[in-house]
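Could you build all of it, start to finish, from the sequences and the hints given here?
Those sequence lines, one after another, are chains A and B. Numbering (numbering that gives the first Met the number 0) for the first sequence: 0 to 361. Numbering (numbering that gives the first Met the number 0) for the second sequence: 0 to 361.
Because the hints were derived from the structure by calculation, they are not lab data. Because the structure is a prediction, the values reported are computed rather than measured. Certain hints may be false.
Straight line, CA to CA, 35 angstroms or less: simulated DSBU-like cross-link-like pairs of lysine-lysine [claimed, not checked]: (1) Lys210(B) x Lys225(A); (2) Lys291(B) x Lys109(B); (3) Lys127(A) x Lys225(B); (4) Lys225(A) x Lys210(A); (5) Lys91(B) x Lys91(A); (6) Lys45(A) x Lys291(B); (7) Lys106(A) x Lys225(B); (8) Lys359(B) x Lys45(A); (9) Lys310(B) x Lys31(A); (10) Lys310(B) x Lys3(B); (11) Lys106(A) x Lys232(B); (12) Lys109(A) x Lys91(A); (13) Lys310(A) x Lys232(B); (14) Lys252(B) x Lys3(A); (15) Lys109(A) x Lys91(B); (16) Lys127(B) x Lys232(A); (17) Lys358(A) x Lys45(B); (18) Lys109(A) x Lys225(B); (19) Lys106(B) x Lys109(A); (20) Lys106(A) x Lys210(B); (21) Lys109(B) x Lys45(A); (22) Lys3(A) x Lys3(B); (23) Lys252(B) x Lys31(A).
Selected chain A positions facing chain B (in silico; Cβ < 7 angstroms) [what the hints assert, rightly or not]: (24) Arg4; (25) Asn9; (26) Pro12; (27) Ser41; (28) Gln74; (29) Gly75; (30) Glu110; (31) Ser201; (32) Gly202.
Note that the Cβ used here is the ideal one computed from N, Cα and C, for glycine as well.
There are 2 protein chains.
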Amino acid sequence: MMGKRIHNFNAGPAALPFEVLEEIQSELLDYKGSGMSILEVSHRSKWFDDVINSAVERTRKLLNLGEDFEVLFIQGGASLQFCMIPMNLGLKGRPVNYVNTGTWSTKAIKEAEIQGKDVNVIASSEDKGFSYIPEDFAVDGNAAYLHFTSNNTIKGTQWSRFPDAGDVPLVSDMSSDILSRPLDAAPFGLIYAGAQKNIGPSGTAMVIIRKDMLDRTPDHLPTMLKYTTFAEKNSMFNTPACMAVYTIDLVLKWIDERIGGLQKMEAVNREKASMLYDFIDQSHFFRGTAEKESRSLMNVTFRLPNEALEKEFVAEALEEGLGGLKGHRSVGGCRASIYNATGLEAVRALMGFMAEFEKKRG
Amino acid sequence: MMGKRIHNFNAGPAALPFEVLEEIQSELLDYKGSGMSILEVSHRSKWFDDVINSAVERTRKLLNLGEDFEVLFIQGGASLQFCMIPMNLGLKGRPVNYVNTGTWSTKAIKEAEIQGKDVNVIASSEDKGFSYIPEDFAVDGNAAYLHFTSNNTIKGTQWSRFPDAGDVPLVSDMSSDILSRPLDAAPFGLIYAGAQKNIGPSGTAMVIIRKDMLDRTPDHLPTMLKYTTFAEKNSMFNTPACMAVYTIDLVLKWIDERIGGLQKMEAVNREKASMLYDFIDQSHFFRGTAEKESRSLMNVTFRLPNEALEKEFVAEALEEGLGGLKGHRSVGGCRASIYNATGLEAVRALMGFMAEFEKKRG
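Listed below in structure tokens is the structure:
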């Protein structure tokens, strides 16, 4: 049935747990005795109702969310959220605060500006090519929210502690590190994530919204751009991305039952990242690009002595079954994305290959 | 590997061709030697590039589209299109025309009104409970576009000929009959369809837009709500719903190579619908609800002598492996959705069951 699987270091869409893929495959022609594929069952059926309710409950359990939070599934990825957030959570006469840590923050800021919001970028790491996470900045106590990108896939940086914004609700794009570690959701008004990195395939964003934020949705918005539309109908005002929600539910089950929850998931993720960063730090051939204290546990970015060697490295790695190691096209270099589903054995295989490559070409 | 498959008469998500499901299953762990599942491959990879280009080309071929049309994949279903259309295609100082043939048209009209457009509903079949398609109406020559719903899933009506609007571009929601029959796209400015009925699973809409319509997109719109964003980037400004596009491509291949194109697809669809309507018309027990000349080839709506019998009919049918025969919750009664992938054998099985049920209870 299967050929040779590779170790998948893609930045997203990215690796899924093999057990999840096997489960999808095994029930693809007949979903739980329904006589239909999960691709065919009605979203108004008890089968899909069970799927979406399970995905919501597993998210609640893993993130320890109280009843004051809703878990929603909205199509359009994080990119649609960039505009929905200022549309829904902006408040008349009050600014919105953003921290700029790279490409994705910059896009989020642009969409708030298009909406005509009073956008204050209160901190930025652009001065050093977005190679670090800003530490000292003041949040405007009058701001409607403070937005930041919790992990930056392109530059390989990550917030290890979240900013303290007092009573100003935090809003965060967690596309690339959601459910990779435990989280205290209390200070957050909204957390969003395109699913295709840590928790599923492409096709839906997960949106976790604190219920008091729903009071902010203006009446005049298009129906499909209001968070209230999704909150009132358990994400089924219209047909959701059923296959994506189903796969997410299986990934959450895997995190909960196979890994043992988010503390254990974080321990594995820390171990993978430490191994790889330690290897890079002792090497005179490979060089990390993010500042040490801002390093991402999810996306390990590094350079080789020159671009020609980087190209050979990526190509030869693929021949050895190590895929997706090319850096983002906007920055070049190399990147190993090591999300939840990329296991220790993949990182070990990568380090083995790196050592060998350095020995040959270093 | 599989249990008992049912005959699936759901209105959407709906049946997919069995060969398509088998192909998905067979390559789910290793997509074409990539060593990754299609759920895991990067949308920036040659594998997915081939998938989306193939889906676009097959659509072009089947619908005989010229180079003046773009084929796009946009998340959010037809419901998001309801607002994107007036946002993008409305013209300052000019009205937009709509024909109202039921629930979905009504929703499209509502979203144009929310946008503050000058909405003229130039015809409606609401006077007879949306049981027919209006014939005599005048289109405002100054209108930015004329919108209509080509097939109405809830009431079981369908436009057999499209309205003549002169130079006013037609815009049509074809969610429930796209690629069920050949089409002359020339008078259309935009055609859109949630994929989950005739061409794939839920999770993406197909949008076919005439290139001159792209000049209308206002600059100030949010990036993800502009058709130009999708047209300029081959639907990959951000990560698309990869699994949905992949499945659509396989369904289009099935229409093209197994069925033999849209003329043959229409012939099969006509045969299925004729058989079923003929059976209903000769019966004194079952009664069709749509006016004969407006009947849908896709959704056959019918009633039994009373609601208790309808409930028994739907329940007993499911026991016999005939699923999804309940009418839409807003109208009650029964409905057999017989989209492309629901074959002649399914309709024959349904008719056999109906005859037997009538004999027992009639």
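- Is the hinted pair Lys106(A) and Lys225(B) satisfied, with a Cα-Cα distance of at most 35 angstroms? holds, 15 angstroms
- Regarding the pair Lys252(B) and Lys3(A), is the alpha-carbon distance no greater than 35 angstroms? Holds, at about 27 angstroms.
- Item | Given pair status - Lys31(A), Lys252(B), alpha carbons within 35 angstroms | With Cα atoms ~28 angstroms apart, Lys252(B) and Lys31(A) stay inside 35 angstroms; holds.
- Item | 35 angstroms limit on alpha-carbon distance, applied to hinted pair Lys310(B) and Lys31(A) | holds, 24 angstroms
- Item | Restraint check for Lys225(A) with Lys210(A), where alpha carbons must lie at most 35 angstroms apart | holds, 13 angstroms
- 35 angstroms Cα cutoff - pair Lys91(B), Lys91(A): holds, 27 angstroms
- Item | Evaluation of the interface hint that places Gly75(A) against chain B, nearest CB under 7 angstroms | For Gly75(A), the interface hint holds, since the closest Cβ of chain B sits about 5 angstroms away, which is under 7 angstroms.
- When the least beta-carbon distance from Pro12(A) to chain B is tested against 7 angstroms, hint result: holds, 6 angstroms
- Please work out if Lys3(A) and Lys3(B) have their alpha carbons no farther apart than 35 angstroms. holds, 31 angstroms
- Message: Would the hint linking Lys109(A) and Lys91(B) be met if the CA-CA limit is 35 angstroms?
- Response: holds, 25 angstroms
- Pair hint Lys106(B) and Lys109(A), alpha-carbon separation not exceeding 35 angstroms: holds, 30 angstroms
- Restraint status (C-alpha distance of Lys106(A) to Lys210(B) at most 35 angstroms): holds, 26 angstroms
Violated hints: none; the structure is consistent with every hint.
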